[in-house]
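Below, each chain spelled out in residue letters.
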Amino acid sequence: MFDLSYEDGVAMLRLNRPEMRNAVPMDGWRRIAELAREAGQRARLLLIKGSRAAFCAGADISEFSILQTHPEMRVRFREAMREAFDTIRDLSIPTIAIIEGPCFGAGVALALACDLRLAGPEAMFAITPAKMGISYPQEDVHALVSLVGRSNAARLLFGGLTIDCDEAARIGLADLPPNRDIERLLSAIIANSAASISALKRGIALAEAGVRSSAEQDESFDALLGSDDFHARLAALRSKR
Amino acid sequence: MFDLSYEDGVAMLRLNRPEMRNAVPMDGWRRIAELAREAGQRARLLLIKGSRAAFCAGADISEFSILQTHPEMRVRFREAMREAFDTIRDLSIPTIAIIEGPCFGAGVALALACDLRLAGPEAMFAITPAKMGISYPQEDVHALVSLVGRSNAARLLFGGLTIDCDEAARIGLADLPPNRDIERLLSAIIANSAASISALKRGIALAEAGVRSSAEQDESFDALLGSDDFHARLAALRSKR
Amino acid sequence: MFDLSYEDGVAMLRLNRPEMRNAVPMDGWRRIAELAREAGQRARLLLIKGSRAAFCAGADISEFSILQTHPEMRVRFREAMREAFDTIRDLSIPTIAIIEGPCFGAGVALALACDLRLAGPEAMFAITPAKMGISYPQEDVHALVSLVGRSNAARLLFGGLTIDCDEAARIGLADLPPNRDIERLLSAIIANSAASISALKRGIALAEAGVRSSAEQDESFDALLGSDDFHARLAALRSKR
Numbered sequence: 002m003f004d005l006s007y008e009d010g011v012a013m014l015r016l017n018r019p020e021m022r023n024a025v026p027m028d029g030w031r032r033i034a035e036l037a038r039e040a041g042q043r044a045r046l047l048l049i050k051g052s053r054a055a056f057c058a059g060a061d062i063s064e065f066s067i068l069q070t071h072p073e074m075r076v077r078f079r080e081a082m083r084e085a086f087d088t089i090r091d092l093s094i095p096t097i098a099i100i101e102g103p104c105f106g107a108g109v110a111l112a113l114a115c116d117l118r119l120a121g122p123e124a125m126f127a128i129t130p131a132k133m134g135i136s137y138p139q140e141d142v143h144a145l146v147s148l149v150g151r152s153n154a155a156r157l158l159f160g161g162l163t164i165d166c167d168e169a170a171r172i173g174l175a176d177l178p179p180n181r182d183i184e185r186l187l188s189a190i191i192a193n194s195a196a197s198i199s200a201l202k203r204g205i206a207l208a209e210a211g212v213r214s215s216a217e218q219d220e221s222f223d224a225l226l227g228s229d230d231f232h233a234r235l236a237a238l239r240s241k242r
Numbered sequence: 002m003f004d005l006s007y008e009d010g011v012a013m014l015r016l017n018r019p020e021m022r023n024a025v026p027m028d029g030w031r032r033i034a035e036l037a038r039e040a041g042q043r044a045r046l047l048l049i050k051g052s053r054a055a056f057c058a059g060a061d062i063s064e065f066s067i068l069q070t071h072p073e074m075r076v077r078f079r080e081a082m083r084e085a086f087d088t089i090r091d092l093s094i095p096t097i098a099i100i101e102g103p104c105f106g107a108g109v110a111l112a113l114a115c116d117l118r119l120a121g122p123e124a125m126f127a128i129t130p131a132k133m134g135i136s137y138p139q140e141d142v143h144a145l146v147s148l149v150g151r152s153n154a155a156r157l158l159f160g161g162l163t164i165d166c167d168e169a170a171r172i173g174l175a176d177l178p179p180n181r182d183i184e185r186l187l188s189a190i191i192a193n194s195a196a197s198i199s200a201l202k203r204g205i206a207l208a209e210a211g212v213r214s215s216a217e218q219d220e221s222f223d224a225l226l227g228s229d230d231f232h233a234r235l236a237a238l239r240s241k242r
Numbered sequence: 002m003f004d005l006s007y008e009d010g011v012a013m014l015r016l017n018r019p020e021m022r023n024a025v026p027m028d029g030w031r032r033i034a035e036l037a038r039e040a041g042q043r044a045r046l047l048l049i050k051g052s053r054a055a056f057c058a059g060a061d062i063s064e065f066s067i068l069q070t071h072p073e074m075r076v077r078f079r080e081a082m083r084e085a086f087d088t089i090r091d092l093s094i095p096t097i098a099i100i101e102g103p104c105f106g107a108g109v110a111l112a113l114a115c116d117l118r119l120a121g122p123e124a125m126f127a128i129t130p131a132k133m134g135i136s137y138p139q140e141d142v143h144a145l146v147s148l149v150g151r152s153n154a155a156r157l158l159f160g161g162l163t164i165d166c167d168e169a170a171r172i173g174l175a176d177l178p179p180n181r182d183i184e185r186l187l188s189a190i191i192a193n194s195a196a197s198i199s200a201l202k203r204g205i206a207l208a209e210a211g212v213r214s215s216a217e218q219d220e221s222f223d224a225l226l227g228s229d230d231f232h233a234r235l236a237a238l239r240s241k242r
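Residue numbers (my numbering), protein chains in the order written: chain G, 2 to 242; chain H, 2 to 242; chain E, 2 to 242.
Worth flagging that the hints you see were computed from the coordinates, not collected in a lab.
A portion of the hints provided could be inaccurate.
Each pair may be met inside one copy or between any two copies, as identical chains are not told apart.
Below are the EDC-like pairs computed for lysine to aspartate or glutamate, each with C-alpha atoms no more than 16 Å apart in a straight line [as the list claims (entries may be wrong)]:
1) Lys241 <-> Asp182
2) Lys50 <-> Glu220
3) Lys132 <-> Asp229
4) Lys50 <-> Glu101
5) Lys132 <-> Asp230
6) Lys241 <-> Glu220
7) Lys50 <-> Asp223
8) Lys132 <-> Glu168
9) Lys132 <-> Glu217
10) Lys132 <-> Glu101
11) Lys241 <-> Asp28
12) Lys132 <-> Asp87
13) Lys50 <-> Glu209
14) Lys50 <-> Glu123
15) Lys132 <-> Glu84
16) Lys132 <-> Asp28
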C-alpha cells in the first residue's frame, strides 16, 4: 500500500494502491505516521507522492459503514488521521507532496501537512466533506485557512467543487517553482545546509503560531554564524570570486 | 431601501436605493442587521446584492455634517455599522456578497463581513477613508488584512485608489469561482449538507481566531460521522457506482 | 553609503554603495535606523531606494570572518539589523521600498520592514541564508510568512532560489500598483490625510498582531469624524458636485 525508498539522502514515500486511487484505509494512517517517522530519522528530505492516476483519493469510504454503529471507531479514525498529519508536520526535515493527479478529501489534508505541495499540470483538488454530510478535522481547516485564506477555504469547503492545478496555484493551495522546474528546486534544497533549513523550518512553524521573537531562534541564529560549515561555505564562495 | 426575499431556501437581501448608489444612511445599518438576523433563521444561504450601477457606495455622507457637532452620533454611527457587519459575520449559514458594480468605503466592509465576495466583471473596489480624512473600523481593517495581507491592505487604505475585478481577485479581495460560474458554486453549496457547512464555517471562524484544535469541533466531527444523513449519502453514492 | 534627501514632504533614503551592490556593513544598519528616525520626524512618507544595479545585496559578507572567533559580534550583528528593521517598521508614516534591481538576503528583510514593496520589472529577490549555512532573524521570518504564507516562505528559505518581479508579485512579496503606475499611487498617498493614514497604519499593525477590536482605535475613529480636516474635505467634495 505504501513504499518507502531512499536515494541520496532523499526519502520517497509512495502511495501505491492504484485499485483504490490511493484511498487510505483506517489502519493506513498509522502506517503513514510510522514511515514518516522513519524517514525523518534517516533522510534529509521527505517526498510524498502518488501517481498521475491519483495522488490520494482521501479516506477509504468502503470502510465507513461501521462508523454508524461504532462511535469509538469515529474517534479512532480521527485520531489515526491526526497522527499521520501531525507526524509529518512536526518532522524537522523538509516535507514535500508531489501531486500529479487527483487529490481529494483527506488527501488534501495529507498534502497540507507538508511544507510544500508541488503540483503537476494534471493535479486536481477537491475537499468534499460537505458533499458527504461530514466535517473536516479542525487542525486541517486551520492549515487550509492559513494557506489560502478564509474566503478560498469557505469556497472549497462549502462547495466541494474540484479545482485544477492553475487555480490551486493561484490561491496558494499548490506551489509552482519558477518555470515549474521541480527538479531544480529539489536540488537546491539538497545542496543547501541541513542545519540552516531545520532552523528556518522551526522559524516558520513559530511564525505560524504567532511567535515573532524567540530567544531560542536568536541563539540558533548566533550559533550558525559561528559554525564551521558557514565559514567553510564562506571561504568557498570567496575563492570562487 | 432594502428588499429581502426568499426562494428555495435562499435569502436575497437586495440593496435598492439607486438614486444614492445604494449608500446606506445611519439607520440603514440597524435595518441590515435585522434583516440578516431574520434570514439566518429562515434560509440556508444569504446573498447580499446591489445592482450593476452599484453594489454599495458606502455610508451616506449626506448625513455626515451632524457628526461635527454631535459626538454621540459618531459613536452611534460606528456601533450601527458594527452591528450590521458582526450580525452577518456571526450567522451560521453561508453569506455571499454578489458584487456587480462599484463597492466603496463601508460597502467594502459590508462585503468583508460575508464568507465570500463573488465579483462580476464590472465590479470595482475602493476604500476611501484617507481621502476623506477619517478612519476605518478596526474590525474591518482586521478582516481586510486577514483577507488580502498587510501590504495590499496598506496600499488600498493609504492610497484609496479604485481597483477592478481582476485586481481584486488577484489579491484575494474578490472571489472568482472556477470559470466564473457563480450559479454552479451556489447550486453546489445548496446541494451540500447544511449541518456540514455549519460545522465547517465554525471551523473557519475558529481558525481565523488562531484556534488550531478544538474539543467542540472534534465532537462535531465525530457526531457527523454517525449521522443518518451521512450514511444515507454514503448509501446513495455506493448505489450509483 | 546612504543619502537622505527631502522633497515636498517625502523623504528618500537612497542606498548608495554601488561597488558593493549596496551591501550593508555591520555599522550601516545603525546608520539606517538613525536616518529612518530622522525621516519619521521630518517627512510624511519615507521611500527607501537603491538603483537598477541593486536594491540591496544584503549584509556585507566581507566582514563575516570575524564572526567565527568573536561570538559577541554575532549578537551585535543581529541586534544592529533588528534596530534598523524595527525602527522602519514602527514609524508612523508610510514606508515604501522601491525595488528596481536585485534584492537579496538581508536586503529582503529591509524591504519587508516597509509597508509596501513596489517592484520594477528588473527587480529580483532571493533569501539565501540556507545557501550560506546560516539562519534568518525570526522577526523577518515572521514578516515573510505573514506576507507570502508558510509555503512560499518555505520555498524561498529552503531553496534560496532567485525569483523575478512577476513571481514576487504573484506570491505577495512585491506589490504592483494598478497599471504599475508607482507615481500615481505615491501622489494619492500624499494627497490623502496624514492623520487618517497614521490611524490606518496603526490599525494594520494591530490587526497583524491579532487585535480585532481596540478601544484606542474606536476613539481615534470617532475623533477623526469630528475633525476640522474631515469636515473641510466633506465641504470641498460637496461643492464639487
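Structure-based check of each hint:
no.	hint	in the structure
1	Lys241 <-> Asp182	neither (26 Å within a copy, 40 Å between copies)
2	Lys50 <-> Glu220	neither (36 Å within a copy, 32 Å between copies)
3	Lys132 <-> Asp229	between (55 Å within a copy, 14 Å between copies)
4	Lys50 <-> Glu101	within (8 Å within a copy, 39 Å between copies)
5	Lys132 <-> Asp230	between (52 Å within a copy, 11 Å between copies)
6	Lys241 <-> Glu220	neither (30 Å within a copy, 59 Å between copies)
7	Lys50 <-> Asp223	neither (36 Å within a copy, 29 Å between copies)
8	Lys132 <-> Glu168	neither (21 Å within a copy, 31 Å between copies)
9	Lys132 <-> Glu217	neither (44 Å within a copy, 22 Å between copies)
10	Lys132 <-> Glu101	neither (24 Å within a copy, 29 Å between copies)
11	Lys241 <-> Asp28	neither (53 Å within a copy, 27 Å between copies)
12	Lys132 <-> Asp87	neither (25 Å within a copy, 28 Å between copies)
13	Lys50 <-> Glu209	neither (25 Å within a copy, 30 Å between copies)
14	Lys50 <-> Glu123	within (14 Å within a copy, 36 Å between copies)
15	Lys132 <-> Glu84	neither (25 Å within a copy, 33 Å between copies)
16	Lys132 <-> Asp28	neither (24 Å within a copy, 40 Å between copies)
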